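Given these sequences and hints, build the entire structure.
Note that the sequence shown covers residues 10 to 235 in the working numbering.
Rather than coming from a laboratory, the hints here were simulated on the basis of the structure.
Everything hinted at is true.
With a straight-line Cα cutoff of 30 Å, these simulated DSS-like cross-link-like pairs (lysine-lysine) come out: (1) K33 - K222; (2) K212 - K222; (3) K33 - K110; (4) K209 - K222; (5) K208 - K222; (6) K33 - K208; (7) K96 - K110; (8) K33 - K212.
If you're wondering where the values come from, they're calculated on a predicted model, not measured in any experiment.
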Amino acid sequence: MRILVVEDERLLCDGIAEDLRLEKYTVDCCYDGPAACERLFVEPYDLVVLDLNLPGMDGLELLRHIRTEQPELRVLILSARSQLSDKVAGLDLGADDYLTKPFALEELEARVRTLLRREFRQRESLVQVGALTLNTVTREVSGRGNPLPLTPREFAILEHLMLHRGCWISQEELMEHIWEADANPFSNAVRMHISSLRKKLRKRLGHDPIQTKVGRGYRLAGEETA
Numbered sequence: 010m011r012i013l014v015v016e017d018e019r020l021l022c023d024g025i026a027e028d029l030r031l032e033k034y035t036v037d038c039c040y041d042g043p044a045a046c047e048r049l050f051v052e053p054y055d056l057v058v059l060d061l062n063l064p065g066m067d068g069l070e071l072l073r074h075i076r077t078e079q080p081e082l083r084v085l086i087l088s089a090r091s092q093l094s095d096k097v098a099g100l101d102l103g104a105d106d107y108l109t110k111p112f113a114l115e116e117l118e119a120r121v122r123t124l125l126r127r128e129f130r131q132r133e134s135l136v137q138v139g140a141l142t143l144n145t146v147t148r149e150v151s152g153r154g155n156p157l158p159l160t161p162r163e164f165a166i167l168e169h170l171m172l173h174r175g176c177w178i179s180q181e182e183l184m185e186h187i188w189e190a191d192a193n194p195f196s197n198a199v200r201m202h203i204s205s206l207r208k209k210l211r212k213r214l215g216h217d218p219i220q221t222k223v224g225r226g227y228r229l230a231g232e233e234t235a
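Take a look at the structure:
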């Protein structure tokens with residue numbers, strides 16, 4: 010799951026991003042409306058956490074652009090505007106939720122989970138491939154019934170592979186969906202995290218379910234084809 014936080018208070022924006030990264034999400038930051046507008050239409054996101062008082066482009070104007078171009082994109086407004094008329098305006102323009110400042114990080118996390126859970130409304134919250142089980146709600150993984158501790162990046166890679174079981178996923182696709190937009194596309198970060206993930210899977214499962222094919226990328230196989 011990839012999130013864009015749009016907030017002009019840099020310390021607050023960076024703090025929210027860091028908290029969500031600890032929850033195993035991939036998070037980018039923007040500090041003004043025009044930069045967010047540009048980022049939204051070149052990068053794939055599952056959720057936008059959107060402040061309304063933005064320099065260059067008001068948050069409501071940005072929301073109008075989002076609803077015109079990406080009507081399915083989840084939007085959580087996070088604003089100091091607490092008047093009922095402000096909330097009604099934001100929700101009428103298509104926001105999926107509205108949280109007023111000041112707020113507790115725990116509540117923000119809960120609302121993010123709720124909105125992103127809707128992405129899986131046609132799927133079970135538990136995704137299983139062979140002896141691996143991944144819970145898209147609690148963000149936990151188990152192998153052969155035992156917890157499998159993963160770093161946020163390892164979790165994101167495994168989640169993407171499990172949700173696309175049987176499909177070859179290129180390194181470029183993993184970088185695009187899991188890493189922040191400013192990540193170096195020529196680094197060996199994907200290979201390093203895949204290697205670390207494989208070690209943990211091999212230790213828990215007794216085999217490595219991640220297959221590699223030159224020119225195609227990676228895919229996850231069940232025990233029957235591992």
